[in-house]
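Novice: Build the full structure now, drawing on both the sequences and the hints.
Just so you know, the protein sequences line up as chains B and S, in that order. Numbers 1 to 532, taken from our numbering, label the letters of the first sequence in order. Numbers 533 to 636, taken from our numbering, label the letters of the second sequence in order.
Straight-line distance between alpha carbons at most 16 Å, and here's what the computed EDC-like set of lysine to aspartate or glutamate pairs gives:
#, chain 1, residue 1, chain 2, residue 2
1, S, K567, B, E70
2, B, K484, B, E432
3, S, K567, B, D78
No lab work stands behind these hints: they were computed from the structure.
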Amino acid sequence: MDEILLTGHPASPGLAIGPVAVLTHAVASRAVRGDPAQEAAALKAAIEGAAAELAELIATVHGEAAEILEFQIAMLGDDALAEGAYEAVAAGAAADDAWRAALDAEIAGYRAAEEEYFRARAADLVDIRDRVLAGLNGANTIAKISGDSVVMGDDISPSTFLAVDWTRGGAIALAAGSPSSHVAMLARARGAPMVVGLGPLPWNGQPPSLALVDGDAGTVIFDPRPETRRLFEHRMAAANAAQIAANAGRLKPALTADGRRIAVLLNVAAPEDLASLDPAICDGIGLVRTEFLFEGSRGLPGEDAQYAVYRRILDWAAGRPVTIRTLDAGGDKPIAGLTIDGERNPFLGLRGIRLSLARPEVFRLQLRALCRAAIHGTLKVMLPMIAVPSELDRANAMLDGEFAALRAAGIGCARPPLGIMVEVPAAALCAEDFGAAFYSIGSNDLTQYTMAAARDIGAVADLNDAGHPAVLALIARTVEAGRKRGVEVSLCGDAAADTRLTNALLATGLTTLSVSPIAVARLKAAIAGATA
Amino acid sequence: MHDANANRAAQTFASLTAFAVLVNPVGLHARPSVKLTQCAKGFTAKIEIALAADGPWTDAKSPVKVMRVKAPQGATLHFRVAGPDGEAALAAMLALVHDGFGEA
Chain B
1 MDEILLTGHP ASPGLAIGPV AVLTHAVASR AVRGDPAQEA AALKAAIEGA
51 AAELAELIAT VHGEAAEILE FQIAMLGDDA LAEGAYEAVA AGAAADDAWR
101 AALDAEIAGY RAAEEEYFRA RAADLVDIRD RVLAGLNGAN TIAKISGDSV
151 VMGDDISPST FLAVDWTRGG AIALAAGSPS SHVAMLARAR GAPMVVGLGP
201 LPWNGQPPSL ALVDGDAGTV IFDPRPETRR LFEHRMAAAN AAQIAANAGR
251 LKPALTADGR RIAVLLNVAA PEDLASLDPA ICDGIGLVRT EFLFEGSRGL
301 PGEDAQYAVY RRILDWAAGR PVTIRTLDAG GDKPIAGLTI DGERNPFLGL
351 RGIRLSLARP EVFRLQLRAL CRAAIHGTLK VMLPMIAVPS ELDRANAMLD
401 GEFAALRAAG IGCARPPLGI MVEVPAAALC AEDFGAAFYS IGSNDLTQYT
451 MAAARDIGAV ADLNDAGHPA VLALIARTVE AGRKRGVEVS LCGDAAADTR
501 LTNALLATGL TTLSVSPIAV ARLKAAIAGA TA
Chain S
533 MHDANANRAA QTFASLTAFA VLVNPVGLHA RPSVKLTQCA KGFTAKIEIA
583 LAADGPWTDA KSPVKVMRVK APQGATLHFR VAGPDGEAAL AAMLALVHDG
633 FGEA
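Specialist: Next up, the structure:
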């Protein structure tokens with residue numbers, strides 16, 4: 001087979017070369033079928049094999065991930081799940097067809113559930129279905145994907161992504177998918193190159209054995225010619241050398257080529273992101289997402305639990321400024337029992353600060369925990385999805401109230417400054433009208449609202465361009481408002497980590513960028529080369 | 533749903549019933565369902581749950597069937613228990629529900 005070049009959309013930067021591992025649902029179904037007794041035995045073996053794989057996998061994870069796997073094991077261990085499949089096999093159906101039909105019926109039941117939580121469990125049943133099918137088909141199963149592979153498929157679930165050790169140089173190439181999916185975010189955070197939107201994969205039966213993934217250009221080459229491979233390996237070596245050089249500069253402050261000091265802050269989604277990181281690589285934390293506290297099956301977190309987490313992050317920062325964002329639920333981040341199910345257009349609905357103001361009992365608890373944590377460092381609090389000044393004013397009044405109540409009760413606390421995230425064009429255009437203590441530009445949402453191109457729809461990914469002059473103009477306008485009002489302006493979206501945009505961003509007057517820890521070295525190197 | 537053994541148990545031991553309100557945040561979801569079925573399997577008694585006092589009844593030892601009930605928060609969960617250790621089983625089930633399956 002000659003080499004095949006496919007072009008998609010870049011979702012996570014970097015270059016990778018590796019053997020192709022095809023995700024199970026892209027694998028053809030079984031060729032050989034036996035009599036009902038053999039089919040039943042094959043099904044039984046595949047179910048037991050899947051349970052054994054999960055049991056192995058569970059030893060490597062903890063917390064939420066372990067609970068999900070425990071649930072899957074319990075479901076697999078229950079004869080009721082395969083009852084219908086065994087009946088169909090006894091009536092002459094093939095094991096894989098029977099299993100798929102039985103599980104699809106079960107999955108349909110979950111998808112039809114009234115509660116979002118039960119609907120979301122359909123994904124677990126899909127996982128279970130595909131794991132057993134993989135066993136029946138003798139294909140590479142999820143647990144066997146090694147970390148140096150190029151994982152291919154239509155799309156990949158977060159749980160599949162998390163089951164792979166990405167430190168070994170692997171990459172992801174998807175027929176569908178989106179650069180804004182949760183998996184793409186995870187891939188960027190872990191440094192795994194990823195390309196999405198490759199379209200239908202152009203082979204029948206036997207997949208290619210080797211792939212080159214270019215996460216910068218958004219291309220994948222299958223079964224490369226020796227010359228293509230050699231050139232690619234040259235580029236990888238050069239990129240590695242650049243990365244090593246960049247790593248050497250990671251602990252130094254970021255200066256542009258013409259000597260302008262740029263503050264580089266970290267985006268973190270959970271305190272675990274900070275483990276094993278040296279605080280000296282950054283000038284502080286520009287964004288702590290607090291959604292992780294509210295996700296999963298544990299329900300809404302209490303004040304003490306929140307306080308403990310915020311304090312841990314402030315302790316890690318050792319005096320450096322830490323900006324914690326209040327709950328940003330809604331949009332593509334539903335939270336059971338909190339966000340509204342079935343909104344017609346959730347990105348334009350009750351999300352971010354709108355939801356917090358609609359659920360003051362939840363918001364007040366978070367504000368109390370933040371006030372208590374504020375005495376342990378330099379805490380700033382930022383409100384997501386602000387559109388009009390009255391939202392900030394109401395939040396300020398609630399923060400005043402909680403601070404006063406804590407103080408009256410003799411509980412240690414401080415009142416952190418309240419700033420706004422600028423991600424709605426209205427807020428960018430009228431930034432000067434807000435009495436905000438600081439502005440932090442959320443370039444992901446600002447881009448999707450400015451370009452009217454959703455972050456999670458691959459078909460409009462080209463329009464979702466943070467470097468478009470309209471988006472840059474809104475950023476410049478916000479920077480100007482901050483300068484006039486004498487307050488800090490930073491940018492904490494994915495655009496900050498996209499080094500192709502560094503020059504353009506710095507040209508708007510920005511002096512503070514916030515990125516995920518993996519991007520710090522690369523960004524500092526890009527800043528050093530910038531003259532804007 | 534009723535096999536011969538269960539019927540015999542039901543004849544020998546009177547059915548015990550009780551109910552409790554689901555207080556944990558998202559109802560009888562994945563983790564609580566696993567906890568409930570694991571706890572139920574620790575007893576020889578036949579244990580069933582339902583969302584109404586008159587059924588339909590679901591085997592509390594099957595996580596697949598318990599999840600199919602999709603019991604939301606605030607729902608009243610009815611228990612029907614029959615077997616030699618029925619009283620202990622019922623007490624354990626109710627304690628689990630009252631405790632919010634440990635995720636208050």
